[in-house]
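> Listed below are the residues making up each chain.
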Amino acid sequence: MSLLRRAWAWFDDRTGLTNVLSPIASHLVPPGTSWWYVFGSATLFAFIVQVVTGIALSTMYVTSTAHAYQSLQFITQDALLGRVLRGIHFWGASAMVLFVGVHMIRVFLTGSYKFPREVNWLTGAGLLLFTIGMGFTGQLLRWDQNAVWSVVVGAAQAGRVPVIGQRLAQFILGGNVVGGATLSRFFSFHVFFIPALIFGFIGVHLYLVIRNGISEPPVLGHIVDPKTYRDWYNRLLERHGVPFWPDVAWRDVVFGAAMVAGIVALAFLLGPPVLGKPPDPSIVQADPRPDWYLLWYFAVLALIPPGIESWVIVGAPMAFGAAVILLPFLGSKGERHPLRRPWAIVVVIVAVMMVGTLWRLADKAPWSPNFAAQPLTAQDLGPSSDTVWAGSQLFYVKGCQYCHTVNGKGGQRGPDLSDVGSRLSKQQITQRILNGGTNMPAYAATMNPGALNLLVDFLSSRTGQ
Amino acid sequence: MPTDDQFAESLGAGEEPASLSRRGFLIKLSAIAGTVAAALVALPIVGVVVSPLIEKPREIWRSVGRLEDFPLGQTVQVSFVDASPLPWSGVTAKTAAWLRRDGQQSFTAFSINCTHLGCPVRWVSGAHLFMCPCHGGVYNQDGSVAAGPPPKSLAKYPTRVRNGLVEIQTSGIPISS
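Protein chains in written order, with my numbering: chain U, 1 to 465; chain Z, 466 to 642.
For the record, the hints were derived by calculation from the structure and aren't laboratory data.
Pairs of lysine to aspartate or glutamate residues, derived as EDC-like cross-links and limited to a Cα-Cα distance of at most 16 Å, are as follows: (1) K364/U / D291/U; (2) K409/U / D380/U; (3) K621/Z / D607/Z; (4) K617/Z / E309/U; (5) K559/Z / D280/U.
To give an idea of the chain U side of the interface with chain Z (calculated C-beta under 7 Å), a few residues: (6) S64; (7) A156; (8) G165; (9) N176; (10) V284; (11) D287; (12) N439.
Beta carbons are placed, not taken as given, at the ideal position from N, Cα and C, and that holds for glycine.
Make a model of the complete structure from these sequences and hints.
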């Protein structure tokens, strides 16, 4: 026996590693688990990528509101492969959010949360919450202008909670303002507190996968009955089970490795998100947007009717949380196959379409004034009189163009006015400007008659031709 | 070499097993000792974590410029150091307000934070409106809501003129409830 083998035999005898690990590695799993079963492990691999790249980033990151931004500039521009490292951490986060979602949808569709795996589901729900928490806090550690305003928007949302809202907002800000105390708290949450929870929950989650077994692929007509399920499952494994390693686990490894390769490729090709302006709250030229995984929620915040807004901001996340927690208790028995649970398919389709639509909307953000709008040129305007030309320039100066598009230039908040002259009379246009309308301010107090006439001349000349 | 029984007896085996009441006492003792030890450590941790909750916004007068530098009726952006700067705050300690000179000695200072969710509103001078870049909030020149989701008017900071200097009183970021 070589020295190496003897050393391993000694170590294995003293630690019992093989005795502990080999039953886990070779534990029997039901037949027929397919590529649909790789998303949980993919999430775990993404988390491991986050841990190692996060530790590497922390060797250069400076947790100080005065210097965090510069340290990110240094990591991105000067440190050897620092840009790629940041990129891997960002795309790894993206993968983790994506696959935690896909994994949850798969478990939901195949009814795998039913008896006896209710607590698997609940710990998974906790992990979803922590993953979102990591995404939000991680975006803030970039500590650029976007991060600073994201903290404020987060605190303002917490402020809508009845009674304790003000305190919650203070808790998030680390005081009454965004400042020296804010970043250190978020760093601590992102780097110590939430990861510790994730480690603990992953431990329980995996322990439960071993204890309760991997859920068998659903078969039409097969009913989960808590009285008989465990015996039935054990018989299934005895007769038809396959060892987890390597018969099943190879798919996890191959998919996970492909995902990691994809993360690194994106980090090389696209790199990390561009750093915004410095974290100076006195720069009001800001355009705060969350990272992609929360961008859809940005649209929610713009679109809820103001009357019920506080209810939605506070109530919707709580209702979602309650539904996720109650699910395994309300439906722990019965049919698991999605075709016998069509409502589950409907829920997933509606949720995916809703989030998808909100994403597209948030990307355009038509409710925001377009501060980058440019005044119309003579070319845009076509042949026109002097008053129409003067009106077109006033249309920009008076801010109308931030919200209204004419001949392809302007914002999307209000209607496109390229053909308003064919829809409204001069008198109607005048009244609309003076009195305002749905979501349009009234200009009667701030518009002098000369400017008003020029604007009306210009607008009534816009007939869409 | 002692026999196995002798070995165990020398360690006190074979004595009366602890009575039920004694075992109950030992369980309680362990629970209490553990709880006390944990509480002793937890106390300062909880204290530090919740300390921002008891922090009161400090109201400090900050000078933002000389009186003669502000033309009558114009709304301009001024920046100043916020209510609670820390030595390591850097540029993050800065904050801003929209300041308008209403009269010879009177000013109005609007908070830049949209009352909807706190984003920084911009003054659009041609339109005489404050516009928010996030969710479409618009305010009239007096700070009242003109359009969009904001639940209330822009917050205002107290202002005063002292020794020819215009001063703004700091406060925390206004949070709508």
